[in-house]
Amino acid sequence: RKILMVVDGEADAWVFPSAGTKRWDTAAGEPLLESLGGFLADAETGARYVYSASENPHNLKGIVATIHETGIIGCLTGKSDSLS
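When we follow this note's numbering, the leftmost residue of the sequence shown carries the number 1, and every step to the right adds one.
There may be inaccurate statements among the hints.
The list that follows gives simulated cross-link-like pairs (lysine to any residue, SDA-like), each with its CA atoms no further than 20 Å apart [unchecked claim]:
id, residue 1, residue 2
1, K22, E55
2, K61, L36
3, K22, V50
4, K2, E55
5, K2, P17
6, K2, G46
7, K61, S18
8, K2, H68
9, K22, F39
10, K2, D42
11, K2, K61
12, K61, T26
13, K61, R48
Keep in mind the hints are simulated off the structure, nothing from the lab.
Kindly produce the complete structure, drawing on both the sequences and the hints.
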């Protein structure tokens with residue numbers, strides 16, 4: 001539901017700032033985000049979320065779902081002041 005709020009425009013982003021989800025919790029919503037130009041990212045680094053058998057399935061650093069890459073990820077990583 002949280003990712004759908006971003007897709008529907010009810011929220012600019014969904015930030016889950018700690019461990020507690022797994023990759024399969026977000027896999028279904030990511031294609032919806034991507035169809036609108038959005039993505040899922042690691043909340044600590046801003047790196048795009050990776051689905052791979054070699055990756056730990058646990059989301060250990062938090063996650064962000066957004067369609068607004070520059071502002072949201074920049075603020076999380078300290079590389080932008082666009083959301084002051």
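Tested hints:
The suggested pairing of K22 with E55 holds, with an alpha-carbon distance near 11 Å, which does not exceed 20 Å. In summary, the hint linking K61 to L36 is not supported, as the alpha carbons are separated by about 25 Å, beyond the 20 Å threshold. Only pairs whose Cα atoms come within 20 Å are accepted, and K22 paired with V50 is accepted, the gap being roughly 12 Å. Distance restraint check for K2 and E55: the Cα-Cα separation of roughly 23 Å exceeds the 20 Å cut-off, and the hinted pair is therefore not satisfied.
Simply put, K2 and P17 have alpha-carbon atoms about 14 Å apart, close enough for the 20 Å limit, and the pair holds. Taking the CA atoms of K2 and G46, the gap is near 18 Å; set against the 20 Å cutoff, the hint holds. At roughly 5 Å between alpha-carbon atoms, K61 and S18 fall within 20 Å of each other, so this suggested pair holds. Among the hinted pairs, K2 with H68 is consistent with the structure: their alpha-carbon atoms are about 15 Å apart, no more than 20 Å.
With a C-alpha separation of about 16 Å, the suggested pairing of K22 with F39 holds against the 20 Å cut-off. Taken as a hint, the K2 and D42 pair is honoured in the structure, with Cα atoms around 16 Å apart against an allowance of 20 Å. Restraint check: the Cα-Cα separation between K2 and K61 comes to about 18 Å, which is no more than 20 Å; the hinted pair holds. Between K61 and T26 the alpha-carbon distance is near 14 Å, which keeps this suggested pair within the 20 Å criterion.
For the proposed pair K61 and R48, the alpha carbon gap of about 12 Å is at most 20 Å, so the pair holds.
Figure legend: structure checked against the earlier numbered hints; hints not met, in rising order: 2 and 4.
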